[in-house]
Every structure is written in structure tokens, then in C-alpha cells.
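2 protein chains.
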Amino acid sequence: MTINKRLGEQTVKLENPPKIIATHSIVGPKEGEGPLSGYFDQVLSDDTYGEDSFEKAESQMMFTAISEAINKAHLKEKDINYLFSGDLLNQIISSSFAAREFSIPFFGLYGACSTMSESLSLASLIMDGGFAKYVVAATSSHFSSAERQFRFPLEYGSQRPKTAQWTVTGSGALVLGHEGNYPQITYVTTGKVKDFEQKNPNNMGAAMAPAAADTIAKHFKDTGRKPSDYDFIATGDLGVVGKELADKLIEELGYNIRGVHIDCGEMIFDNEKQNTDSGGSGCGCSAVVFTGYLYKKLMKKEIKRVLLVSTGALMSTTSSLQGETIPGIAHAVAIEMN
Amino acid sequence: MTINKRLGEQTVKLENPPKIIATHSIVGPKEGEGPLSGYFDQVLSDDTYGEDSFEKAESQMMFTAISEAINKAHLKEKDINYLFSGDLLNQIISSSFAAREFSIPFFGLYGACSTMSESLSLASLIMDGGFAKYVVAATSSHFSSAERQFRFPLEYGSQRPKTAQWTVTGSGALVLGHEGNYPQITYVTTGKVKDFEQKNPNNMGAAMAPAAADTIAKHFKDTGRKPSDYDFIATGDLGVVGKELADKLIEELGYNIRGVHIDCGEMIFDNEKQNTDSGGSGCGCSAVVFTGYLYKKLMKKEIKRVLLVSTGALMSTTSSLQGETIPGIAHAVAIEMN
Chain X
118 MTINKRLGEQ TVKLENPPKI IATHSIVGPK EGEGPLSGYF DQVLSDDTYG
168 EDSFEKAESQ MMFTAISEAI NKAHLKEKDI NYLFSGDLLN QIISSSFAAR
218 EFSIPFFGLY GACSTMSESL SLASLIMDGG FAKYVVAATS SHFSSAERQF
268 RFPLEYGSQR PKTAQWTVTG SGALVLGHEG NYPQITYVTT GKVKDFEQKN
318 PNNMGAAMAP AAADTIAKHF KDTGRKPSDY DFIATGDLGV VGKELADKLI
368 EELGYNIRGV HIDCGEMIFD NEKQNTDSGG SGCGCSAVVF TGYLYKKLMK
418 KEIKRVLLVS TGALMSTTSS LQGETIPGIA HAVAIEMN
Chain S
118 MTINKRLGEQ TVKLENPPKI IATHSIVGPK EGEGPLSGYF DQVLSDDTYG
168 EDSFEKAESQ MMFTAISEAI NKAHLKEKDI NYLFSGDLLN QIISSSFAAR
218 EFSIPFFGLY GACSTMSESL SLASLIMDGG FAKYVVAATS SHFSSAERQF
268 RFPLEYGSQR PKTAQWTVTG SGALVLGHEG NYPQITYVTT GKVKDFEQKN
318 PNNMGAAMAP AAADTIAKHF KDTGRKPSDY DFIATGDLGV VGKELADKLI
368 EELGYNIRGV HIDCGEMIFD NEKQNTDSGG SGCGCSAVVF TGYLYKKLMK
418 KEIKRVLLVS TGALMSTTSS LQGETIPGIA HAVAIEMN
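Line by line, the protein sequences are chains X and S. The first sequence begins at 118 in the numbering used here and counts up one residue at a time. The second sequence begins at 118 in the numbering used here and counts up one residue at a time.
Hints listed in this document are in silico derivations from the structure and should not be mistaken for laboratory results. Watch out, some of these pointers could steer you wrong.
You can't tell identical chains apart in this list, so a pair holds if it fits in one copy or across any two.
[As the list claims (entries may be wrong)] Derived DSS-like pairs: lysine-lysine, alpha-carbon spacing no greater than 27 Å straight-line:
id : residue 1 : residue 2
1  : LYS418    : LYS189
2  : LYS279    : LYS193
3  : LYS193    : LYS338
4  : LYS130    : LYS343
5  : LYS343    : LYS195
6  : LYS136    : LYS316
7  : LYS338    : LYS365
Using the sequences plus the hints, can you model the full thing?
Below, the structure is given as C-alpha cells:
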């Protein structure tokens with residue numbers, strides 16, 4: 118068998134590029150007060166979403182994002198061949214409990230905050246391989262469920278350093294299909310785990326920047342593309358601090374992306390007014406910025422090419438307590454509108 | 118584009134069946150005293166594996182399983198296009214920290230104890246789609262890291278009910294390639310999340326049995342195969358109690374699998390002598406029984422066809438404390454030797 122879809126070390130060129138035929142974004146009240154407010158499909162007025170725990174609220178948000186994306190694609194649950202999803206909570210309960218409500222074959226993922234581009238990568242490969250007519254990729258995060266799981270009980274009112282990020286409350290889902298004039302996935306560059314021995318869980322941007330830099334540089338090397346081939350290279354949630362570091366690291370690797378580099382974490386809040394320090398984070402961050410903001414700009418042809426690079430910090434409270442450093446990972450997906 | 122590889126609702130027929138060209142199994146001391154002892158490639162005399170925590174020991178076991186499987190395939194790290202792996206620990210740190218030691222593009226998964234067949238399913242689809250020359254699928258679990266994360270500190274010496282299972286300390290890895298006379302993957306049946314409203318975290322077998330029954334029945338329905346087409350239908354870790362329940366549920370769905378049904382959880386320990394009650398569990402259970410025992414029987418042509426059905430319980434301590442039931446999932450992979 119010939120393996121003719123591989124380019125270089127880490128990239129696949131899709132021969133039958135799947136299309137993003139519908140998306141849905143749902144966010145919490147704070148995200149709804151941020152600069153991208155007008156782009157989200159749904160803004161909650163209450164971040165418990167009527168549920169009796171933050172964890173249940175997060176799962177319910179993902180359920181809504183998936184249901185609405187399927188509705189917008191004018192499809193039924195039974196038309197969807199696979200659901201790919203993951204989240205930050207222990208044992209990805211947001212995803213599992215959302216998937217329980219659907220009769221769709223389910224692949225659970227864990228890629229920390231890289232999950233939007235991880236689920237989109239796998240969904241795209243499965244579509245291109247001819248295994249599915251329609252696939253859904255989704256992810257979510259929730260400030261309050263993440264904060265109490267990874268850091269401190271909310272009631273402590275812990276102080277935040279300037280490098281800290283604010284976990285986005287939000288979920289994004291998208292439906293891939295083969296037909297119609299929609300933004301399509303052309304390349305998938307899969308990341309390796311990179312560890313620059315950062316240990317501070319209040320500076321996730323610095324932990325993820327080396328992985329983002331490595332994946333972006335590999336994407337250029339594998340495809341022969343250059344930064345100016347993209348309208349935007351959108352990293353997931355490096356934040357203000359991590360974004361600057363990533364730009365420097367990518368420059369050392371021979372590419373200058375400053376002119377086209379945006380970061381979903383930097384953009385989603387007005388970091389000064391909203392006291393979000395270095396910016397937003399969480400799986401939901403790049404999910405809602407992509408499904409809300411970037412997808413709409415692609416559909417309107419205001420932009421033509423985006424490289425989505427969601428970034429994840431692969432740690433747990435146990436690994437940090439045991440003195441481990443924080444490795445990172447980043448997956449890149451090229452999305453283009455004709 | 119034609120989607121000609123799908124059979125029925127949940128199954129894909131692989132047109133270029135990938136082959137399992139090498140495997141490695143590594144287990145802890147207790148597993149090494151069980152009835153399958155002679156089949157494992159490596160039995161540890163110390164379940165800390167020389168590390169200073171059980172979590173680090175688990176990650177190190179996975180690193181060894183992956184390294185040795187690659188060595189046995191006479192390949193180098195750089196030959197492997199993707200690594201698919203997951204485990205039970207919060208934020209899958211065993212997998213992430215093992216993946217950090219390799220320069221291989223990494224997709225992190227979470228499927229609870231279904232991870233061996235989940236990783237094998239995705240790896241097989243990626244191979245069949247022409248995206249890779251070689252892929253590694255792996256998973257692990259560790260009694261002591263799981264027990265203290267999911268249940269109680271080991272020092273409590275909690276009593277175990279008869280329905281309880283014993284998390285297997287072990288890791289299995291396998292390398293998929295396209296060449297040679299090796300067991301090949303022919304069908305992938307992907308499971309849906311099933312919830313029969315079981316709430317007892319000491320009876321995981323009952324929580325997973327409905328998912329196993331559903332996936333196995335769908336496999337027969339989609340492919341037109343029947344139980345006697347297989348030498349073994351090997352469920353992951355239903356244990357003695359869950360296996361009997363699954364057999365009954367599958368009978369209600371119109372198939373009798375009793376003659377060919379084995380359960381990795383039931384087999385790995387001498388449950389009476391080793392005080393393992395209902396049997397083994399954990400991602401590592403079906404991983405080491407497949408890579409150790411079943412793979413060797415396939416290679417020797419003592420058996421020709423196996424349906425591997427790893428089964429997962431999709432809960433967390435948080436979801437149980439919040440009163441949630443325990444949904445299950447099961448993925449089936451057909452493996453055949455010519």
C-alpha cells in the first residue's frame with residue numbers, strides 16, 4: 118500500500134478535504150461581556166446553566182453546542198457517524214455525560230487545551246479516509262469546574278499573578294461533511310509532546326509556547342508554506358505572555374509569524390478591564406473563538422486561510438505535586454475558504 | 118466522495134487491513150503470579166519499578182512497553198508516524214509523560230478501560246486511510262495509582278465486596294504496519310455511551326456490561342457475522358459478575374456468545390486464590406491479555422479470529438459524589454490471522 122498523503126515528518130495533506138458545514142458556540146456571562154461578544158451564537162446569563170453543579174453545567178453546555186451544530190447542518194443525530202470530544206475534567210466527564218445523551222459512536226480524547234484541534238484533526242482524517250459521511254468534533258471548559266479541580270476552592274479567593282490565565286466558560290462544536298461551499302480542512306499537522314521544564318502552573322502560556330512553536334515551524338517545513346500564506350495563525354490559549362514567547366521561539370526556528378499571529382486566549386477578554394491578566398485559557402477558549410469568530414469570518418470570506426493551533430499543557434495536580442515539569446502539545450489544522 | 122467502507126450503523130470494514138507486527142506486555146508481580154504468567158513479556162518484581170511514585174512507575178511501564186514494541190518491530194522511533202494512547206489517571210499523565218520521552222506525533226485518548234480497543238480502532242483507521250506507515254497504540258493501568266485516585270488511600274485497608282475488581286498493574290503496546298504475515302485488523306465497531314443507571318463504583322462490571330452487549334450485537338448485525346465465526350470474543354474487564362450479565366443481555370439481543378466468550382478480567386488472576394473477587398480491571402487488563410496471551414496464540418495460529426472488546430466505565434470521583442450514574446462504553450476490533 119502506498120502512503121501518499123504524508124508530507125514531511127508530521128503533516129498529512131487531505132485529498133478529499135472535509136468541510137465544516139456548521140458550528141455552534143456557547144459561552145458564559147463573562148465571555149459574553151468581552152470583545153468577541155457579538156460573534157458567539159449563545160451567551161448564558163447564568164454560568165450554572167440551571168444545573169446544580171458547575172460540572173453538570175459544563176456537560177450541558179457541550180450537549181447544547183453539539184445538538185445545535187447538528188440542527189444547523191439540517192441533520193439528525195443518526196446521520197452523524199462519529200463524535201470526537203474531550204475536556205479538562207478528570208475522566209472527561211463533560212464529554213462522556215454529553216455523549217450519553219446521543220446515540221452516536223464516541224471517541225473520547227484528552228489533549229488538555231489542545232482538544233479543539235485534536236478532535237478536529239482526528240475527525241478530518243476519518244472523513245478523508247472515507248470512513249464517515251458526517252462527524253462532529255467538540256470540546257468545552259468551565260472556569261469554575263476547572264478552577265476548583267486544578268487550583269483552589271473558589272471560596273479561597275486566591276490572588277492571581279500577572280502570568281495567570283482565566284479558564285474560558287464555553288463550548289464549541291462543529292460538523293464536518295463532504296458537500297457544499299464551506300471552509301475546508303486541507304492539512305493536519307500533529308504535535309509532539311515538548312517539555313521546556315517549566316514548573317509554574319500559573320504560567321501555562323510559557324509551558325505551551327515551545328509546543329506551539331515546534332508544531333507551527335514543522336507545518337511550514339512539511340508543507341512549504343510560509344506565514345504570509347495565512348490570514349491568521351490562531352494559537353489556542355498562550356495568552357499575552359505565552360504568545361510573545363512563542364513568537365520568539367518560532368523566530369529562532371526561522372519563521373516570523375508576528376504579522377499574522379493571533380491568540381484566542383489574548384482576544385477573548387479585554388484583559389485589563391476584565392482582570393483576566395494574561396488572557397483566557399481552557400479547551401473552550403479556542404473552541405468558541407474558532408466556531409464563533411473565525412468560522413464566521415471565513416464564511417463571509419473576510420478571511421481565506423486560518424491555521425488553528427490549539428495548545429495544551431499536559432499536567433495534573435498529582436504530577437505537579439510530585440515535582441514534575443509541565444509538558445505541552447499543540448496540533449495545527451489548516452482551514453481554507455474558496 | 119463515496120463512503121464505501123461503512124457497514125451498517127457502527128462498523129467500518131478495512132480495505133487495507135493493517136497488521137500487528139509487534140507487541141510488548143509488561144505486568145506487575147501479582148499479575149506475574151496469575152494463570153497467564155508465562156505469556157507476558159516482562160514481569161516486574163517491584164511494582165514501583167524503581168520510581169518514587171506509583172504514577173511515575175505506571176508511566177515508566179508504558180514507556181518500556183512502547184520502546185520494546187518498537188524494538189521488536191525492528192524500527193526506530195522516527196519510523197513511527199503516530200502514537201495513540203491513554204490511561205486512567207487524571208489528565209492521562211501516564212501517557213503524556215511517556216509520550217514526552219518520544220519524538221512521535223501524539224494523540225491522547227480517554228476511554229477509561231476501553232482504551233486498548235479505542236487506541237487500536239483509531240490507529241487502524243489511520244493506517245487504512247493511508248495516513249501512516251507505522252503507528253503505535255498503547256495503554257496502561259496500575260493498581261496502586263488507580264486505587265488511591267478512584268477509591269481510598271491504600272493505607273485504609275478498605276474491605277472489598279464480591280463484585281469488586283482488582284485494577285491490573287500492566288501496560289501493553291502494539292505496532293501496526295502494512296507488511297508481513299501477522300494478525301490483521303479487519304473490522305472496527307465503535308461503541309456508543311450506554312447507561313443502565315448503575316451507581317455502585319464497586320460493581321463496574323455491571324456498569325459496563327450493557328455497552329459491551331450493545332457493541333457486540335451491533336458488530337454481528339453490521340457485518341453479518343455470528344458468534345461462531347470467532348475463536349474468542351474477548352471482553353476487556355467485565356469480571357465474573359459483569360461477564361454473566363453481558364451474556365444475558367446479548368442473548369436478549371438475539372445472539373448467544375457463551376461458547377466463545379472470554380473476559381480478560383476473569384482470566385488474568387486466579388480470583389479465588391489471589392483474592393481478586395470478580396477479577397481484574399483497568400486499561401492495562403485487556404492490553405496485557407491481548408498483547409501477551411491472545412497475540413501469541415494468533416501468531417502460533419492456535420486461534421484464527423478474535424474480537425477484542427475493551428470496556429470502559431465513564432465516571433469520575435466527582436461525578437459519583439454528585440450522584441451521577443456510571444455510563445459505559447465498549448469498542449470492538451476484529452483481529453484475524455491467515
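Results for each hint:
In this assembly of identical chains, LYS418 and LYS189 lie within 27 Å of each other by CA distance solely inside one copy; the values are 19 Å within and 51 Å between copies. Taking the closest pair of Cα atoms, LYS279 and LYS193 never come within 27 Å of each other, the shortest separation being 45 Å inside a single copy and 43 Å across copies. Taking CA atoms no more than 27 Å apart as the test, LYS193 paired with LYS338 passes between copies only; the shortest distance there is 22 Å, against 40 Å inside one copy. In this assembly of identical chains, the alpha carbons of LYS130 and LYS343 lie at most 27 Å apart only when taken from the same copy (16 Å versus 39 Å across copies).
When the C-alpha separation of LYS343 and LYS195 is checked against a cutoff of 27 Å, the pair qualifies only between copies, where the shortest distance is 25 Å, while the shortest distance within a copy is 41 Å. Within a single copy, LYS136 and LYS316 get their C-alpha atoms no closer than 39 Å, and across copies no closer than 40 Å, so neither meets the 27 Å cut-off. For the identical chains of this complex, LYS338 and LYS365 are intra-copy neighbours only, at 17 Å inside a copy versus 55 Å across copies, given an alpha-carbon limit of 27 Å.
Comparing the model with each numbered hint stated earlier shows that hints 2, 6 do not hold.
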